[in-house]
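Residues per chain are reported as follows:
2 protein chains.
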Amino acid sequence: MAGNLLYAQSGGVTAVINATAAAVIGAAREAGDSVGTVFGARNGILGVLRDELYKTDHWTEEDLRRLDQTPGGVFGSCRYKLKPMDEDDREHRRIIEVLKAHDVRYFLYNGGNDSADTAFKISRIGERMGYPVTCIGVPKTVDNDLPVTDASPGFASAAKYLAVSAAEVDKDIYSMHETSTKVFIMEVMGRHAGWLAAATGLASRDGTGGPHIILFPEVTFDEARFLERVQGCVDEVGYCMVVASEGVRGEDGNFLADQGKTDAFGHRQLGGVASVLADLVDSRLGLKNHHALVDYLQRSARHLASAVDLEHARAVGRAAVEYAVAGHNSVMPVIERLSDDPYRWQIRRAELSEIANVEHMVPKSFITEDGFGITDACRRYLRPLIEGEAYPTYADGLPVYGNLPMELAESRLPAWQG
Amino acid sequence: MAGNLLYAQSGGVTAVINATAAAVIGAAREAGDSVGTVFGARNGILGVLRDELYKTDHWTEEDLRRLDQTPGGVFGSCRYKLKPMDEDDREHRRIIEVLKAHDVRYFLYNGGNDSADTAFKISRIGERMGYPVTCIGVPKTVDNDLPVTDASPGFASAAKYLAVSAAEVDKDIYSMHETSTKVFIMEVMGRHAGWLAAATGLASRDGTGGPHIILFPEVTFDEARFLERVQGCVDEVGYCMVVASEGVRGEDGNFLADQGKTDAFGHRQLGGVASVLADLVDSRLGLKNHHALVDYLQRSARHLASAVDLEHARAVGRAAVEYAVAGHNSVMPVIERLSDDPYRWQIRRAELSEIANVEHMVPKSFITEDGFGITDACRRYLRPLIEGEAYPTYADGLPVYGNLPMELAESRLPAWQG
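Sequence order for the protein chains is A and B. The numbers in the first sequence follow the working numbering, run straight up by one, and end at 437. The numbers in the second sequence follow the working numbering, run straight up by one, and end at 437.
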């Protein structure tokens, strides 16, 4: 069953999601007659609803090479939750209509848990509407909270960037601690899963240096124990580096950094756990402190992408096209680890139903008993993922990131009145 | 006049100050009989007062290579202001006594404006006490606020890191702006001089993309004009990236981010201008926003050092030793620009008296008339400084930063009762 292919990006973007996009387009071109045109939905699923599909046929090989090394999402992404199909299926039906209007037979949805769920649902409604579409989920998320896959493309580059930054900041603080900052707090992403915070633990390669305290969303924050550990660390080594996940929660179950705002999915919008902790250190211990809020820098730091992550991102893109052409509906290419050292891996097919809406947290065995650090098992898992430096090319001191020529396909349907 | 050499690091450390240290040690070794032992003061001038001098003779060439690529200050640095010599000269006299006790004839002080002043004073009191010491200031500061020199080593690496980060975050925000963040605010260092903020302007290479608004300490903050510009930018291009110097001041002359704390120099300790601006955008415009506080990450990001900066850092170290051996007292090696494109430069000798306590701000001609951007003249100045990527070597996914064997020389004097 030949036809066109539609690729869409969903949720938070990463440093390597465009490498997946470039791999999808490249693989589709190599697939010859099996795949017609490759479209990219403008701003994710919203572009599908609105019949706003970018063309890619005019992109040159050089365009694709630049795309491969450009952070962010080239087609635009979105945070938009479709209405539950059993309450109101108009959005899902509209999606099928748009796919049909553009002769799209393959739908590749590149995202996290929510997106796997969306792809799963679209795969079912297409058949019911008499327009079967092969739906493939393509993994991506800096949070690394997808189940089944060894890692989510995007995570390892953010992890590498944060681990390297932690190692660098440690040298800085150590140099200055006698007369300057005693406590440094770095806030990293991770609302429910503390994988990025865990990754900074790699910075302390030989057990010396920071981070001295890692705060995970998986471990309930205990103010007294935290303050005691900070003071103990300052007493012992002169300074203390703390890494805090944005999603750290107190004993009442509330986020320490809850700002009272929510996003389109009803997720609480966080930010500011570092400043909450800094205020605590200030008021309760009176120790001079600084804090950093890395925010989007960590998920867009393509300048320090992990080579392993980049290979993963490309491989899931290629495999997704292969599965689509082979007619494997409702699946996701995932990464399977074969060995830790040397790191060997392969791509295998997983069912979207196994993945949709399941969050993969940092397991207990990866967190030290005191709750403030990572175990050797965690190091064995994380270490190979950050291996290799996949640098972009530079001109005039700056990376050559792509400004690709964007051109929308002609709309085929009346405007969406969603 | 042969003798030992004492090198000390002062004030905020940088990604390349250790490259200067390694160059000093290397050049002193090459100078043969002219220079005896090279000492490094522990925690800057405090180590001199306390007679705590690290030895370096046991460091191998491999140690020096690792030092060259390690951020932070290997000997430790400090923020400590000597008492004014005309009020109480005991500290300055003690410094001369320690130098004398260790047969130090060359004193190299690697720092910013305050350090140039200290080196200048020590050069004078030595002669008065009958123990002449050749004092050399060695330039360093991420703030780039030293006069005379084309750039301060350390600045250009931080500038490159911030410009690259701004380019990356711009791609990220652009991808997501329809349904997510509309306004992103990145806070960078720069208390009085907005050089680092200015450098992020390079990210917008062809006039498209962020940063759309740069806030300099040199330009009085006008809330109404700022909010109008943010809203206008969001209306026009869909999103707005703001870069704010920590030292932005309002019309009352106060820092927007004044936390009411001061450091050892009586400088106000800042932090949080981004969150102040985010609150404004929230409450006055109701636009979804995120902010990043880069903090120490920007001055320790050795993983993305500018090759030009690294060459500068090494060159001032080598020249400082050369000037010392030649008996040029009370001078500083500075960088002189010979041409913009291609960038050509040389090291020349400047008098410490020209440099001490003079702050070099971003000139009016470098800031656009509206106060929110950088001019072509500014780009011509900045562009060559961030050229070239001086990557460190890696092992297991992390940079190989040095943990050098630190060994103190035996104290020669009674403990300091300062």
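Among these hints, one or two may not hold up.
In the DSSO-like style, the derived pairs of lysine-lysine whose C-alpha atoms are separated by at most 30 angstroms in a straight line are [what the hints assert, rightly or not]: (1) A:K100 x B:K307; (2) B:K383 x A:K307; (3) B:K102 x A:K307.
Think of the hints as simulated: they come from the structure by calculation, not from any bench. For clarity, every value in this text was computed on a predicted model and none was experimentally measured.
Inset, instruction - Taking the numbered hints from earlier one at a time, note which ones the structure violates and give those numbers from smallest to largest. - result: 2
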